[in-house]
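Visitor: So the protein sequences, as listed, match chains A and B. Numbering-wise (this note's numbering), the first sequence opens with residue 1 and increments by one. Numbering-wise (this note's numbering), the second sequence opens with residue 1 and increments by one.
Treat the hints with care, as some may be off.
Intra- or inter-copy, both count: the list cannot distinguish identical chains.
Claimed, not checked - List time: in silico DSS-like cross-link candidates among lysine-lysine, alpha-carbon distance up to 30 Å:
1) 166 with 84
2) 166 with 120
3) 38 with 84
4) 166 with 38
5) 38 with 86
6) 84 with 62
7) 84 with 120
Hints in this document: simulated from the structure, not taken from any laboratory. Please read these numbers as outputs of a predicted model, since none were measured by experiment.
There are 2 protein chains.
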Amino acid sequence: MELQLEDVRDILRRTPPTLNLLLQDLPERWLMNNEGPKTWSPYDVVGHLIHGEETDWIPRAKIILEHGESRAFTPFNREAMFEKSKFKSIDELLNTFTELRAESLQQLDELNLTPEMLEKRGLHPELGPVTLSQLFAAWVVHDLGHIGQIVRVMSKQYGEAVGPWKAYLPVLTR
Amino acid sequence: MELQLEDVRDILRRTPPTLNLLLQDLPERWLMNNEGPKTWSPYDVVGHLIHGEETDWIPRAKIILEHGESRAFTPFNREAMFEKSKFKSIDELLNTFTELRAESLQQLDELNLTPEMLEKRGLHPELGPVTLSQLFAAWVVHDLGHIGQIVRVMSKQYGEAVGPWKAYLPVLTR
Numbered sequence: 001m002e003l004q005l006e007d008v009r010d011i012l013r014r015t016p017p018t019l020n021l022l023l024q025d026l027p028e029r030w031l032m033n034n035e036g037p038k039t040w041s042p043y044d045v046v047g048h049l050i051h052g053e054e055t056d057w058i059p060r061a062k063i064i065l066e067h068g069e070s071r072a073f074t075p076f077n078r079e080a081m082f083e084k085s086k087f088k089s090i091d092e093l094l095n096t097f098t099e100l101r102a103e104s105l106q107q108l109d110e111l112n113l114t115p116e117m118l119e120k121r122g123l124h125p126e127l128g129p130v131t132l133s134q135l136f137a138a139w140v141v142h143d144l145g146h147i148g149q150i151v152r153v154m155s156k157q158y159g160e161a162v163g164p165w166k167a168y169l170p171v172l173t174r
Numbered sequence: 001m002e003l004q005l006e007d008v009r010d011i012l013r014r015t016p017p018t019l020n021l022l023l024q025d026l027p028e029r030w031l032m033n034n035e036g037p038k039t040w041s042p043y044d045v046v047g048h049l050i051h052g053e054e055t056d057w058i059p060r061a062k063i064i065l066e067h068g069e070s071r072a073f074t075p076f077n078r079e080a081m082f083e084k085s086k087f088k089s090i091d092e093l094l095n096t097f098t099e100l101r102a103e104s105l106q107q108l109d110e111l112n113l114t115p116e117m118l119e120k121r122g123l124h125p126e127l128g129p130v131t132l133s134q135l136f137a138a139w140v141v142h143d144l145g146h147i148g149q150i151v152r153v154m155s156k157q158y159g160e161a162v163g164p165w166k167a168y169l170p171v172l173t174r
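Please build the complete structure, drawing on both the sequences and the hints.
Guide: The following block contains the structure:
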């Protein structure tokens with residue numbers, strides 16, 4: 001499917017309320033457990049999404065529009081949240097993400113993008129040339145992927161509790 | 001993690017509003033596309049969840065409580081929705097699922113379950129002996145797995161649109 005900017009907005013705006021619904025008031029045993037060493041808990045994922053709003057999506061869109069391929073993006077620190085989220089409650093993180101996403105969508109509107117601008121190229125430090133359109137598609141998929149990760153990590157907390165049903169629940173072995 | 005009935009209720013009640021948030025008013029191109037032959041669209045998944053409320057979870061809990069291992073569960077038709085959902089709008093399906101889930105949770109409360117009752121065994125037609133506790137854990141994981149499926153199927157619609165970012169977005173290749 002080709003990218004449509006109205007779809008990007010429509011899907012991105014749903015992520016904060018979806019995360020609020022899934023995670024607000026959930027016991028710590030569901031929020032803080034992960035899938036094993038070097039994996040992330042639902043709590044970690046929210047921190048990671050916050051860092052994306054602050055340093056990845058809109059900042060990179062602006063670099064593409066202002067500098068094209070002449071300036072590579074600043075590399076994104078995927079694990080910044082392990083320091084940045086420290087001592088913050090899940091409510092605080094969810095509220096921060098909700099605010100930052102609203103600001104991002106506001107800034108997206110203010111870019112007044114045309115179809116031609118969406119084809120403009122920037123330079124990813126590892127992936128090479130990428131278009132603004134590809135950046136926005138990646139933003140949408142990144143959101144959806146992390147919602148999927150959150151529910152997968154949660155489901156694994158019941159990996160033993162389901163007993164023989166494990167054979168019928170593919171999410172437990174992904 | 002061991003099953004706690006309050007967690008089961010807490011997570012199961014979140015699924016209908018989560019699906020509403022993800023899917024309501026979404027364009028058909030996001031609702032009706034799947035991952036390829038013999039896979040399900042987000043629309044199909046909602047129909048499947050409806051059929052589960054009607055024929056799987058609470059009905060099986062009652063069979064366990066009433067008949068123990070003396071009567072195997074009726075096999076669950078995983079694909080019943082391809083007939084049952086026909087001609088229904090996504091709004092209709094989402095509303096039906098919301099109502100049925102509320103009824104299921106009401107019935108769950110009315111079972112007045114004790115820890116001893118949760119260890120009661122029933123007979124799965126293929127998996128053999130299973131406990132009520134395992135049934136409820138499977139219900140939770142089944143919900144979470146299908147939320148994960150919905151966002152994965154959606155993300156794949158942008159599998160090409162993300163361009164080189166595909167390498168960094170594992171949800172696209174799961």
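Visitor: State for each hint whether it applies.
Guide: The hints, checked one at a time:
| no. | hint | result |
| --- | --- | --- |
| 1 | 166 with 84 | between (36 Å within a copy, 27 Å between copies) |
| 2 | 166 with 120 | between (47 Å within a copy, 19 Å between copies) |
| 3 | 38 with 84 | within (17 Å within a copy, 43 Å between copies) |
| 4 | 166 with 38 | both (23 Å within a copy, 22 Å between copies) |
| 5 | 38 with 86 | within (17 Å within a copy, 44 Å between copies) |
| 6 | 84 with 62 | within (24 Å within a copy, 48 Å between copies) |
| 7 | 84 with 120 | neither (33 Å within a copy, 46 Å between copies) |
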